[in-house]
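Chemist: All chains, please: the whole structure from these sequences, using the hints.
Protein chains: 2
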Amino acid sequence: MGNLLVAQSGGPTAAINASLAGVITMAKQNINIEIVYGSRYGINGVLNDNLVVLNELTDYELSLLEKTPGAYLGSARHLLSKVYDEEYEKILETVKKHNISYICFIGGNDSMDTVSKLSAYFESISYPCNVIGVPKTVDNDLVLTDHCPGFGSAGKYVASTLSEIKLDTAVYEKGRVTIVEIMGRDAGWLTACSKLPSIIGLGPDLIYMPEVAFDLDTFLNDVDALYKKNKKVLVAISEGIRDKDGNYMMALSTASKADGFGHTQLGGAAANLCEIVKERLGYNTRAVELSLPQRCAGHMVSKTDIDEAKRCGEFAVMSAIDNTAKFVCMIRDDSKKYSIHLELKNIHEVANKVKPFPKEWIINGNDISEEFINYAAPLIEGEVELEYKLGVPNYLRIK
Amino acid sequence: MGNLLVAQSGGPTAAINASLAGVITMAKQNINIEIVYGSRYGINGVLNDNLVVLNELTDYELSLLEKTPGAYLGSARHLLSKVYDEEYEKILETVKKHNISYICFIGGNDSMDTVSKLSAYFESISYPCNVIGVPKTVDNDLVLTDHCPGFGSAGKYVASTLSEIKLDTAVYEKGRVTIVEIMGRDAGWLTACSKLPSIIGLGPDLIYMPEVAFDLDTFLNDVDALYKKNKKVLVAISEGIRDKDGNYMMALSTASKADGFGHTQLGGAAANLCEIVKERLGYNTRAVELSLPQRCAGHMVSKTDIDEAKRCGEFAVMSAIDNTAKFVCMIRDDSKKYSIHLELKNIHEVANKVKPFPKEWIINGNDISEEFINYAAPLIEGEVELEYKLGVPNYLRIK
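Heads up: the protein sequence lines correspond to chains A and B, in order. Its first residue numbered 1, the first sequence is counted upward by one per residue in the working numbering. Its first residue numbered 1, the second sequence is counted upward by one per residue in the working numbering.
Hints were generated in silico from the structure; no laboratory data involved. Nothing here was measured: the structure is a model prediction, and the numbers come from that model. Be aware that a few hints might be false.
Any copy, or any two copies together, can satisfy a pair, since identical chains are not distinguished.
[Claimed, not checked] Derived BS3-like pairs: lysine-lysine, alpha-carbon spacing no greater than 30 Å straight-line:
id	residue 1	residue 2
1	K359	K82
2	K345	K82
3	K117	K229
4	K231	K399
5	K389	K355
6	K229	K389
7	K389	K303
8	K399	K174
9	K174	K97
10	K278	K244
11	K117	K345
12	K355	K231
13	K90	K229
14	K117	K355
15	K244	K359
16	K345	K359
Modeler: Following this line, the structure appears as structure tokens:
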């Protein structure tokens with residue numbers, strides 16, 4: 001009999017607390033586990049012995065937690081050293097003090113690095129503490145797993161919002177180029193979700209991904225041709241689009257000065273490209289950055305995503321009893337109707353690797369293929385019923 | 001027996017199509033009305049004889065239309081002249097050609113000006129065409145009516161999103177000042193809605209309205225004091241905040257240069273204030289502009305708002321049979337439980353007037369009083385069930 005510690009790490013999402021709810025629910029039921037500790041602010045809570053007991057959360061509170069965006073326990077972006085320094089000693093101290101036999105770490109790439117290092121450390125000193133990773137990232141860029149919890153909800157928000165922006169920008173007769181900037185510095189998975197409303201005729205006209213070198217002249221030609229045809233052009237871009245030399249469009253100040261525009265530009269890629277379209281093509285423009293709501297819109301989550309996130313948390317606890325250095329993967333079943341099953345994979349094969357968006361799913365550098373729609377549509381399906389208080393969703397906050 | 005023409009005007013909202021659905025539904029039932037025409041792109045459709053027949057919309061399509069954001073017929077921002085020029089002649093031509101006896105104009109301030117002028121024109125030439133205005137604006141700044149259709153849904157989106165951003169920005173231990181920019185150049189009604197999630201402990205820490213002269217030093221002191229206490233500071237600002245001399249914070253380039261910051265700044269008030277906080281106080285910042293989704297988030301509308309918007313459209317048609325130069329007003333009943341009834345008011349008393357946010361509801365220049373919560377909370381209540389297609393709301397587009 002031992003205790004379990006759970007931590008959340010990396011950027012918040014709308015589904016990370018569903019995984020936490022899954023961990024707590026299953027840990028409370030498991031006869032091998034006595035106390036469920038939550039680490040405040042990712043690994044920092046373990047380093048500073050800043051833990052909270054989670055057993056007292058009621059079923060009602062856990063149902064609210066499941067639907068609450070953010071990261072209930074707080075998060076961190078702290079990487080452990082490659083050599084076993086005093087931080088590892090501090091961690092061991094906290095683990096020993098609280099008799100922690102199992103650790104579940106919910107997070108993305110950097111967090112899986114922590115799981116990899118921690119599990120290797122405990123094995124190296126033969127200390128009996130199992131460490132399991134639970135995937136989480138709106139970027140959807142973890143390898144081995146079919147997709148990541150958090151992606152479906154962010155994708156649903158992006159898809160719906162793009163369709164609504166399409167309706168909004170269609171209302172005036174006069175022309176305009178609207179450029180919408182979507183999260184995902186290195187992987188275009190979320191940007192590609194802007195394609196999903198095309199099934200109801202409300203997708204963007206052009207989509208630019210970070211996986212393809214961005215060419216300004218080609219972009220301007222694309223926009224110009226569409227503007228001359230339709231007058232209203234809706235463009236979706238990844239925040240991370242960059243040219244063949246790796247220069248981000250979000251930091252065009254030097255390039256644009258060299259181009260003779262004379263602007264010192266702050267702000268994102270969409271704002272910069274709007275300025276350039278205005279200067280070069282003379283068209284009205286509007287930049288929209290979807291910003292934080294993409295990853296925290298608890299009011300617009302995918303039921304598939306929330307359910308899967310919870311299942312991953314539950315599975316991690318069951319797995320932690322007899323496994324360490326593992327990572328919970330979602331494997332898509334080979335059936336007509338969408339379904340997944342969960343498997344454990346070696347954490348060392350996951351950490352520090354990135355799953356790029358398949359280049360063969362990008363068409364002409366400015367569109368997304370049907371293969372992606374088939375892949376992603378099931379992940380954004382289903383709606384979650386929320387509890388509302390005076391018109392606002394009721395979320396659970398840590399006390 | 002005559003025909004009815006309906007037009008939409010001004011900025012799109014999530015509720016303007018509910019009013020249109022109300023107009024069409026009621027006009028189809030009314031024995032005085034034969035054909036229901038829609039004017040494409042506001043008054044422009046009347047000027048250019050660009051009308052569509054709306055009678056064929058099925059009940060199913062009307063139910064989709066009711067929940068579709070944007071402006072189904074298209075919109076315009078075109079003001080008629082004060083003198084009866086050739087545009088009035090063109091309008092009369094279209095009206096005569098299509099035997100139009102009733103016009104319903106759904107829109108905000110400028111649109112009510114059009115209703116005022118058009119109805120006066122028809123009266124001046126003794127032409128039997130009744131013109132009725134239906135309120136619409138997320139800005140909530142029309143006089144005489146308790147509130148405007150569109151405001152409740154935009155307010156619900158702002159309130160929910162603010163609460164989610166609050167959760168998102170709370171996850172890290174390190175400090176940050178997050179500034180969220182909300183629509184409403186001259187009226188702070190929508191910005192004030194950021195206060196609503198305070199009832200679940202998720203409101204912003206500071207709120208700045210365009211009705212109070214913005215003082216940069218006071219703002220920096222407010223932020224600094226809170227940062228030293230909590231490290232995480234969430235600020236909601238109206239896009240229209242300006243100093244005592246009327247200088248908008250969204251165009252601080254000259255001021256900031258004079259202040260020695262040396263930046264040429266594009267972008268909105270939030271981005272500019274973030275730069276200043278970083279420079280003067282040295283804190284991490286993040287600017288979030290809620291942008292278009294505020295007025296077009298059909299996935300997060302208020303049921304109260306959508307129902308009322310539809311009622312206003314229906315009432316306009318019933319009123320148009322025997323009235324002209326009127327405007328549909330929502331009057332709040334003096335009862336414990338929230339309810340409204342509809343009344344007609346003189347359009348000439350509405351046009352070109354603005355209802356400011358009550359100054360007595362603004363506390364210390366950076367907070368909103370409970371009176372506003374009592375006023376606005378009922379307007380954002382209730383959720384609308386949408387039809388989804390592969391995870392995305394299904395909306396109706398004009399063919």
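Chemist: Please flag the earlier hints that this structure goes against, numbers listed from lowest up.
Modeler: 1, 3, 12
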